[in-house]
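Peer 1: Below, each chain spelled out in residue letters.
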Amino acid sequence: MSSLSIVELAGVKKVYPLGKTEVPAVRGITFTIEKGDFISLAGPSGSGKTTILNLIGCVDTPTEGTVRIDGVETAGLDDRQITSIRQKMIGFIFQSFNLIPVLNVSENVGFPLLLAGGRAPRGERKEWIETLIEEVGLAPWRSHRPSELSGGQRQRVAIARALATKPRIVLADEPTANLDSATGESIIELMKKINRDMDTTFIFSTHDANIVGIADHVIRLHDGRVESEERRGGRHAGTR
Amino acid sequence: MPALVKIALRNLVEHKGKTLIVGIIVALGMTILVAGNSFLDSAARSLRSSFMDSFAGQVFISGKARGNVSLFGVMEMGAGSSTPILPDLARIASYLGGSAEVKSFTFQLTGAEQLNKVGEDAAGGGPFVYLFGIDAPRYSDMFDNLTFVSGAWLVPDQEGILLSTSQAREFRKELGTDLRVGDSVLIQSFGNAIRRVTVRGIFDFKKTNAATDLIAYIDPETLRALRGMASGAAAPASLDSSETLLLSMNEGSLFGSEGDMVTTGTAAAHASRSKVAPADGPRAQAVTASGQAAGPWEFILVSLKNPDRAPAFISQTNVWLHQQGIAAQAGDWVAAAGPFAEMPSMLRVVFSLAVLIIAIVALIIIMNTLVVSIGERSAEIGTMRALGAHKGFVRRMLFVEVMTIVVLFGAAGMGIGSLLVGVMNAAGIRAAGTFMQIMAGGATLRPTVRASTLGISWLLIAAVSVLAQIYPVRTALRIQPVTAMQTRLE
Numbered sequence: 074m075s076s077l078s079i080v081e082l083a084g085v086k087k088v089y090p091l092g093k094t095e096v097p098a099v100r101g102i103t104f105t106i107e108k109g110d111f112i113s114l115a116g117p118s119g120s121g122k123t124t125i126l127n128l129i130g131c132v133d134t135p136t137e138g139t140v141r142i143d144g145v146e147t148a149g150l151d152d153r154q155i156t157s158i159r160q161k162m163i164g165f166i167f168q169s170f171n172l173i174p175v176l177n178v179s180e181n182v183g184f185p186l187l188l189a190g191g192r193a194p195r196g197e198r199k200e201w202i203e204t205l206i207e208e209v210g211l212a213p214w215r216s217h218r219p220s221e222l223s224g225g226q227r228q229r230v231a232i233a234r235a236l237a238t239k240p241r242i243v244l245a246d247e248p249t250a251n252l253d254s255a256t257g258e259s260i261i262e263l264m265k266k267i268n269r270d271m272d273t274t275f276i277f278s279t280h281d282a283n284i285v286g287i288a289d290h291v292i293r294l295h296d297g298r299v300e301s302e303e304r305r306g307g308r309h310a311g312t313r
Numbered sequence: 012m013p014a015l016v017k018i019a020l021r022n023l024v025e026h027k028g029k030t031l032i033v034g035i036i037v038a039l040g041m042t043i044l045v046a047g048n049s050f051l052d053s054a055a056r057s058l059r060s061s062f063m064d065s066f067a068g069q070v071f072i073s074g075k076a077r078g079n080v081s082l083f084g085v086m087e088m089g090a091g092s093s094t095p096i097l098p099d100l101a102r103i104a105s106y107l108g109g110s111a112e113v114k115s116f117t118f119q120l121t122g123a124e125q126l127n128k129v130g131e132d133a134a135g136g137g138p139f140v141y142l143f144g145i146d147a148p149r150y151s152d153m154f155d156n157l158t159f160v161s162g163a164w165l166v167p168d169q170e171g172i173l174l175s176t177s178q179a180r181e182f183r184k185e186l187g188t189d190l191r192v193g194d195s196v197l198i199q200s201f202g203n204a205i206r207r208v209t210v211r212g213i214f215d216f217k218k219t220n221a222a223t224d225l226i227a228y229i230d231p232e233t234l235r236a237l238r239g240m241a242s243g244a245a246a247p248a249s250l251d252s253s254e255t256l257l258l259s260m261n262e263g264s265l266f267g268s269e270g271d272m273v274t275t276g277t278a279a280a281h282a283s284r285s286k287v288a289p290a291d292g293p294r295a296q297a298v299t300a301s302g303q304a305a306g307p308w309e310f311i312l313v314s315l316k317n318p319d320r321a322p323a324f325i326s327q328t329n330v331w332l333h334q335q336g337i338a339a340q341a342g343d344w345v346a347a348a349g350p351f352a353e354m355p356s357m358l359r360v361v362f363s364l365a366v367l368i369i370a371i372v373a374l375i376i377i378m379n380t381l382v383v384s385i386g387e388r389s390a391e392i393g394t395m396r397a398l399g400a401h402k403g404f405v406r407r408m409l410f411v412e413v414m415t416i417v418v419l420f421g422a423a424g425m426g427i428g429s430l431l432v433g434v435m436n437a438a439g440i441r442a443a444g445t446f447m448q449i450m451a452g453g454a455t456l457r458p459t460v461r462a463s464t465l466g467i468s469w470l471l472i473a474a475v476s477v478l479a480q481i482y483p484v485r486t487a488l489r490i491q492p493v494t495a496m497q498t499r500l501e
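Line by line, the protein sequences are chains A and B.
Counting along the first sequence from 1, when you hit position 199 you're at 272 in this note's numbering, and nothing is skipped either side.
Counting along the second sequence from 1, when you hit position 279 you're at 290 in this note's numbering, and nothing is skipped either side.
By construction, these hints were calculated from the structure, which means they are not laboratory data.
Idealized CB from N, CA, C, for every residue including glycine.
A hint or two may mislead.
[To be verified] Below, computed lysine-lysine pairings styled on DSS-like, alpha-carbon distance capped at 30 Å:
1) 17(B) to 161(A)
2) 17(B) to 239(A)
3) 402(B) to 27(B)
4) 199(A) to 17(B)
5) 86(A) to 402(B)
[Stated by the list, open to error] Among chain B residues calculated to face chain A with C-beta under 7 Å, some are:
6) 398
7) 399
8) 400
9) 401
10) 493
Construct the entire structure; sequences and hints are all you get.
Peer 2: Right under this line is the structure:
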């Protein structure tokens, strides 16, 4: 594993039982994602994008092969250890935003910090939350509940929340699927800006060609296999 | 405000329906517990005070029997056995006299007998009474329990009976004769003895309970004679022909036994020779306890300087009795009151069972409501888990939510329950009939709420709520973060 790599998948297979049969979702995938990548997992529905995100996000485990996050192999870790990895290293942006309904924008953004405990001084945390809210352009809505926001605004809250603990990796599963194309593009642009400014690795899945075009690194999947991998610009440009 | 409490409160408002279901159950449960326990506690306190102050004392010492010995006899399944004579009376009296904890003590024996009128038209059918044979000066010194309508306490060595106004009323109702101080009545024992005795006083108990209506006081020698116990001091009874006939009608009755004694006229003299146990036998132990109470006794009633020390003193006394090899036992007022104290205890058991059933039903309803709620919130919980919430966080969050309901609605229930008790206290619950008087520990019950009642009610409600959470929380902890990836939250 190179010193730059933050995610490494080697010979990963994932099979889901479906009644008496087994459905292979991922059929032996190997790739590496490097620190600071802005990477898109592209492919049609059923190609294995979400499964791979789940495996990288430590919310699922591979049937075969290894997944390493920042050099740590996730297989064999107990729930507490896995949860700690998610808490400290990974930020999530969900297709359906998944904001906590009873919390306002500011509280939603600060929620991962609540989970992480009071390591940072209260004032510092508050300032950081404000910075994130401003970064995603939601300062006037900081006291609004999710139900009072548009889809795009909600996804911006989700982005700010995903960055709250300053994670090494942000995973976004179809982050623009529930948004109109203009809003979707602005969300991806925002993610890219944060990727540049904060050097956070972004891994997002999409089947939208326009969105794929914004990514620096694209892994195309088909039927649970890597069809192609392309690096276009950015720090690690190249094609395999 | 801590973040978890804030989340809990908002979630409760967000899910109003389920909050109300659980909350109303908690409030209702708390109301029942506070009102019910306050009623029972007040009844128990009233009963305790009524019995302890009227005739049971704080410590009750008796001989041992197969069944439970009380002031009202021996309770056992099947054929009842007679109340044992208290053995080693002098040693026990000496032990009590030497104890710094004992304020006073007195002796007693009891007989269940029937009153009858004196004269040519004497016939069966008078009221039944529990005759408490007492050492009157000592007893009245310990129990300031009577208000005399006429007459007064018996004086030392005086023969006579003290009847309550209700017994006098009953006597008139059943036998058509008004009783006054100085009149004589016949006392007919189940053991086939009969005795004429002078009414020396008619009284009311200062504190009434169901047992007080049945209690009359008598000099111990007359009762010993009726009971077939000899102290050597029993004077022969004098009966006229009809009274003797009354006795003969009862000879060989089902209640008679070889150990009992016939004490009519000349029969008493005969009995003292033949049917009375020898003076040195176990049933005829004549002792002088503290120089006052001679003769066999069945019980000692003890009053302590500090009534709160009763349980410890009872244990200590039982150890002493055991070490001394004395076949006697010490108990509390409940043991002394026997069946009269058992009925309220049974009511408490019934109430406790009812509370248990209600608690189980409440537990199931709360549990189901929480499970449904958690099912609806699986995306939220999954999201939290994905964002890095440990299982402990989810557990604490749900705990705080349920306990917030418990605190808010429990306080409401406590308020309603206390208000109900306050209304009952102000109005007073009149106990109609003997059964209710037993339950209420007197004619009127004014229940009060005690801190201990509230504490126990809170503990019970909290326990039910915690138990009701176990399964739902386990369900919540099984929710995987991947759920958040698959479900829409808002």
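Peer 1: Next, verify each hint and record whether it holds.
Peer 2: Hint-by-hint comparison with the structure:
1. 17(B) to 161(A): holds (24 Å)
2. 17(B) to 239(A): With a Cα-Cα distance of about 25 Å, the restraint between residue 17(B) and residue 239(A) holds, given a limit of 30 Å.
3. 402(B) to 27(B): With a Cα-Cα distance of about 25 Å, the restraint between residue 402(B) and residue 27(B) holds, given a limit of 30 Å.
4. 199(A) to 17(B): Satisfied, since the Cα-Cα distance of roughly 17 Å is no more than 30 Å.
5. 86(A) to 402(B): holds (28 Å)
6. 398: The hint holds - residue 398(B) has a Cβ within 7 Å of chain A, the shortest such distance being about 5 Å.
7. 399: Result: holds, 3 Å to nearest chain A Cβ.
8. 400: At 5 Å from the nearest chain A Cβ, residue 400(B) passes the 7 Å test, so the hint holds.
9. 401: holds (5 Å)
10. 493: holds (4 Å)
Figure legend: structure checked against the earlier numbered hints; every hint is met.
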